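Visitor: Assemble the whole structure, with the sequences as input and the hints as a guide.
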Amino acid sequence: MAHGLLVKNDDGDVLIDSDFSHYHFLGKYNHSSVTQVPDITGGGDANTHGIGGNSPDQNKGMENMPSKGEIYIYSVPVNGANPPICFVKPTSSGASAPYTGIVLTKQSGSNWEIRVFQSTVTSASPVLYCFSPLNQVSNSTSTTHGLKTFNSSGVATFDSRFKPLRAVGGGEITSPGLAHTGSSGSSWNVSLNVNASAVSTSFTTQSSASDLIFYCPSLAHACQKYEYQQADSGWYSGDRFSWHRSDIWWCFYRSCFRIASTSSFEANYGVFARGHFYKHEAEERPWYDFSNLFGALLGFLFGGAIFGALIGAISASTFTSVNVESGDYLPYSNSYRNTSGNSFIISKASYYD
Amino acid sequence: MINEINDATAGWEVINKEVIDEAYLVTIKMTSCEPDFEETLHAQMHEDKVDHTHLKSITIDLFTFDHDPTTTEIEAALDERGFNPVIERK
Chain A
1 MAHGLLVKND DGDVLIDSDF SHYHFLGKYN HSSVTQVPDI TGGGDANTHG
51 IGGNSPDQNK GMENMPSKGE IYIYSVPVNG ANPPICFVKP TSSGASAPYT
101 GIVLTKQSGS NWEIRVFQST VTSASPVLYC FSPLNQVSNS TSTTHGLKTF
151 NSSGVATFDS RFKPLRAVGG GEITSPGLAH TGSSGSSWNV SLNVNASAVS
201 TSFTTQSSAS DLIFYCPSLA HACQKYEYQQ ADSGWYSGDR FSWHRSDIWW
251 CFYRSCFRIA STSSFEANYG VFARGHFYKH EAEERPWYDF SNLFGALLGF
301 LFGGAIFGAL IGAISASTFT SVNVESGDYL PYSNSYRNTS GNSFIISKAS
351 YYD
Chain B
1 MINEINDATA GWEVINKEVI DEAYLVTIKM TSCEPDFEET LHAQMHEDKV
51 DHTHLKSITI DLFTFDHDPT TTEIEAALDE RGFNPVIERK
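Sequence order for the protein chains is A and B. Our numbering puts the first residue of the first sequence at 1, with every later residue one more than the last. Our numbering puts the first residue of the second sequence at 1, with every later residue one more than the last.
Source of the hints: derived by calculation from the structure; they are not laboratory data. In this text the structure is predicted, and so the values were computed from the model without any measurement. There are no misleading hints in this set.
Over 12 Å on every C-beta distance to chain A, these chain B residues come out as not near it, computed from the model:
1. 38
2. 39
3. 67
4. 69
5. 72
6. 73
7. 76
8. 85
9. 86
One-sided and incomplete, this derived list gives chain A residues near chain B with beta-carbon spacing under 10 Å:
10. 226
11. 227
12. 228
13. 231
14. 232
15. 234
16. 239
17. 332
18. 334
19. 339
20. 340
Yeah, the Cβ is synthetic: ideal placement off N, Cα and C, and Gly gets one too.
Guide: And the structure:
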């Protein structure tokens with residue numbers, strides 16, 4: 001730096017650097033709407049009523065599936081190419097608090113749209129505390145004194161009249177691998193609830209957990225499924241019968257976070273999207289009818305073509321009428337991605353309230 | 001072919017294996033079947049229209065290991081999960 005201003009504290013940490021675009025407080029924002037990813041379901045029954053034998057009819061909806069989290073949508077009025085850094089003031093803190101994480105940040109006209117995913121549905125809502133480079137802060141002030149710095153291009157980079165972003169802690173956190181561990185189900189009963197243990201990391205101890213806000217985008221995700229099918233054929237009360245049923249249940253999980261204590265930050269998963277497809281067919285013929293039964297074709301749903309067609313048709317129609325990003329909701333299965341190296345920053349709401 | 005159910009062999013099969021950070025994610029297909037009837041008896045049962053079934057089931061589920069599992073270790077995990085390749089006739 002040939003010229004300019006560089007202010008450091010006793011530890012040598014940079015407090016003000018006129019060459020650096022410091023982030024300043026934009027404001028607090030409540031959500032404008034709340035939504036959930038709609039269930040992706042499909043199924044079909046053919047001649048399954050009154051069939052002999054033990055053709056199963058139970059759990060053809062979303063029975064036993066874990067509840068989904070909510071997605072809060074915010075519109076942050078900051079017009080510029082640099083996305084705002086938005087800290088989440090969660091609805092609560094502590095060991096029973098829901099987990100929260102930013103799942104989308106995108107420019108939308110002269111605003112930036114932020115979507116925050118919360119693992120469970122609550123009556124209260126998270127609040128965003130947002131920050132932006134000074135050249136994107138349109139807030140006005142009547143104060144005529146203070147300190148304002150500019151870079152070599154004459155662009156304002158710091159202004160003491162606006163509250164700066166103050167971090168009190170931070171680090172990196174790793175999300176769990178799988179969201180659900182152990183058996184995923186038994187017979188027609190699925191079990192895909194989040195049962196992973198939260199991963200915890202510490203930050204510099206603060207005085208009040210309920211005052212803390214955090215920045216930590218959701219990067220990790222997991223996708224797990226359970227499949228079950230049965231088929232049978234034979235004779236029942238003098239008639240020939242044949243039936244088959246195949247089911248696929250799945251959940252797509254996103255990582256999310258909570259302030260567990262005055263010095264502890266935790267990561268886990270919430271159910272972001274879920275689905276269930278099935279197909280059930282049966283035939284029964286009297287003994288004197290010698291036409292062929294279809295046979296109980298194990299694997300008739302899992303071959304890929306039917307499932308692919310179903311999910312393609314349903315997702316295309318479903319997402320045209322709801323305010324959720326379209327996309328492939330089953331990009332992989334029984335695995336996880338991006339669990340390590342998730343940076344987080346801790347600050348205090350009371351600095352800006 | 002007397003038995004109308006397509007061939008499905010009781011047993012298990014690894015259908016996918018993925019390794020992430022030393023975690024082995026193994027998706028296994030488990031097939032269970034009612035035991036076969038003796039062929040002559042089975043033919044007679046169909047001839048006489050005797051009530052009987054040929055029930056089969058397939059479960060596809062995920063198992064995790066901290067190393068590449070051996071066949072013995074997979075079978076132990078299947079036992080622990082309650083997999084039985086034989087469906088007892090009721």
